[in-house]
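Visitor: Residues per chain are reported as follows:
Protein chains: 2
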Amino acid sequence: MPRIYVVGIGPGNMEDMTDRAEKAIQDADVIVGYYTYIKLIKDYFPHKEFIESGMTKEVERCELVMKLAGEGKNVALISSGDSGIYGMAGIMLELMNKSKSQIPVEVIPGITAASSAASILGAPIMHDFAVISLSDLMTPLELIYKRLECAAEGDFVICIYNPKSKTRCDYIIKARDIILKYSKESTPVGIVRNAGRENEEYNITDLKNMLDYKIDMFTVIIIGNSSTYIENGKIITPRGYKID
Amino acid sequence: MPRIYVVGIGPGNMEDMTDRAEKAIQDADVIVGYYTYIKLIKDYFPHKEFIESGMTKEVERCELVMKLAGEGKNVALISSGDSGIYGMAGIMLELMNKSKSQIPVEVIPGITAASSAASILGAPIMHDFAVISLSDLMTPLELIYKRLECAAEGDFVICIYNPKSKTRCDYIIKARDIILKYSKESTPVGIVRNAGRENEEYNITDLKNMLDYKIDMFTVIIIGNSSTYIENGKIITPRGYKID
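Chains as they are written, first to last, in UniProt numbering: chain A, 1 to 244; chain B, 1 to 244.
So that you can see chain A by itself, here it is in the shape it has in the complex (with noise of 0.2 Å):
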């Protein structure tokens, strides 16, 4: 019997990865991902066979997933940080779900970005946080803006994901506006790019100067709350215990 893995491989640098999500490729005969992705880790692994595909083509990456299982071969699809979050483990399984597959899936999950860009900027979500995708391909923005009303409301740390595309430059701008009505323009703000990849870099910032910095799709931005503040160049966002 074929399986299918849907294997996070974390920020896309082999230390940050998962035994298990090493181990799942390896077992698999074809490797099936985002072309981007594909790329980080295909050096790893110079004997495997690696299908790319392009974005948005998600419902037809895991019918060839599918596919591929179908003709008995053990088939790892992978997703960047969690296959669990925003990732494909949602999409594999609504699809076996429809075709009624009785093939095997393991979801897989990684280190999400969440995680790598925290531990880059020391330490800002050592307490309750809420991420927030402002990509509205298949959310309506209405709902994006009321999360982050209500995330800022409840005082969250807020990680955001895919702040800006080349077609959506302002969400940004209006998430720091709706923040802004609950925390102060004080409060810190983490800009990481390229969290455990080649370029990565990341800056230390407040909401007030956010707007300042290079923000794209590469870019994962974490603000604190209200508790949260900044020393000696790390971000850290206290859990309580007394220090005397």
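It is worth saying that the hints were derived from the structure and are not from the lab.
Please note that the accuracy of each hint is not assured.
Identical chains share a label here; the pair holds if one copy fits it or two copies do between them.
Computed list of lysine to aspartate or glutamate pairs in EDC-like fashion (alpha-carbon distance at most 20 Å, straight line) [said to hold, decoys possible]:
| hint | residue 1 | residue 2 |
| --- | --- | --- |
| 1 | K98 | E58 |
| 2 | K242 | E60 |
| 3 | K100 | E231 |
| 4 | K242 | E63 |
| 5 | K42 | D19 |
On the provided structure of chain A, position chain B as indicated by the hints.
Guide: What follows is chain B alone, placed relative to chain A:
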């Protein structure tokens, strides 16, 4: 120059640990941690020195780490899950700042409990989510309830950490009541105990019936949003892809 690693070991099995976490533990002269977490990994590193420490001894534990590093040793301070999410990274960095120590600290992320629990349940957190701990040891209970209210109002998938302890039996009842103000009784709920560990077990139920299941300190609860559904024994929160 010695180093301090704050290592997220993931759920506690070697398969879900990253290579970087494993290398840091191998590179350490001493591994320090809460005894429950030491127990999970001790056998994998038979030649290492471990120092166990009790719960609520977080500050003392970090002071011990600083002392050992001050003696020239490489020290790994371990957290289960992600060291940056309710883990030891924050308090370690706070104490380093306070003591003006120059010893480098590397924060190493791991698979957080929400990710491991989700992978067992199917794909419940494919969309915007909030993580909330019900522990009020260091957080006012009113703030915890307010965050639950905001997260439910924003239709976030909600991941609840530390849902219940011996002294906190009724917070989860109140939490459910709050969420029911905004969500249907049929909203899918996944309850995972000992994710990725010995005696792992999970139940898939709904808001109406969730309190009939065993919930304790080793449990993570994932509550769906208004789109979440159960099919073939898996919880799925669709991201909105069109499936014909």
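Visitor: All hints are to be evaluated individually against the structure, with a verdict given for each.
Guide: Right, here's what the structure says about each hint:
Taking the shortest Cα distances, K98 and E58 sit within 20 Å of each other inside one copy (15 Å), while across copies they are farther apart (49 Å). In the homo-oligomer, the alpha carbons of K242 and E60 lie at most 20 Å apart only across protomers (11 Å), although the nearest pairing inside one protomer, at 53 Å, exceeds that limit. Taking the shortest Cα distances, K100 and E231 sit within 20 Å of each other only across copies (11 Å), while inside one copy they are farther apart (54 Å). Proximity of K242 and E63 under a CA criterion of 20 Å is satisfied inter-copy only: 13 Å between copies versus 54 Å inside one chain copy.
For a Cα distance limit of 20 Å, the shortest separation of K42 from D19 qualifies both inside one copy, at 17 Å, and across copies, at 17 Å.
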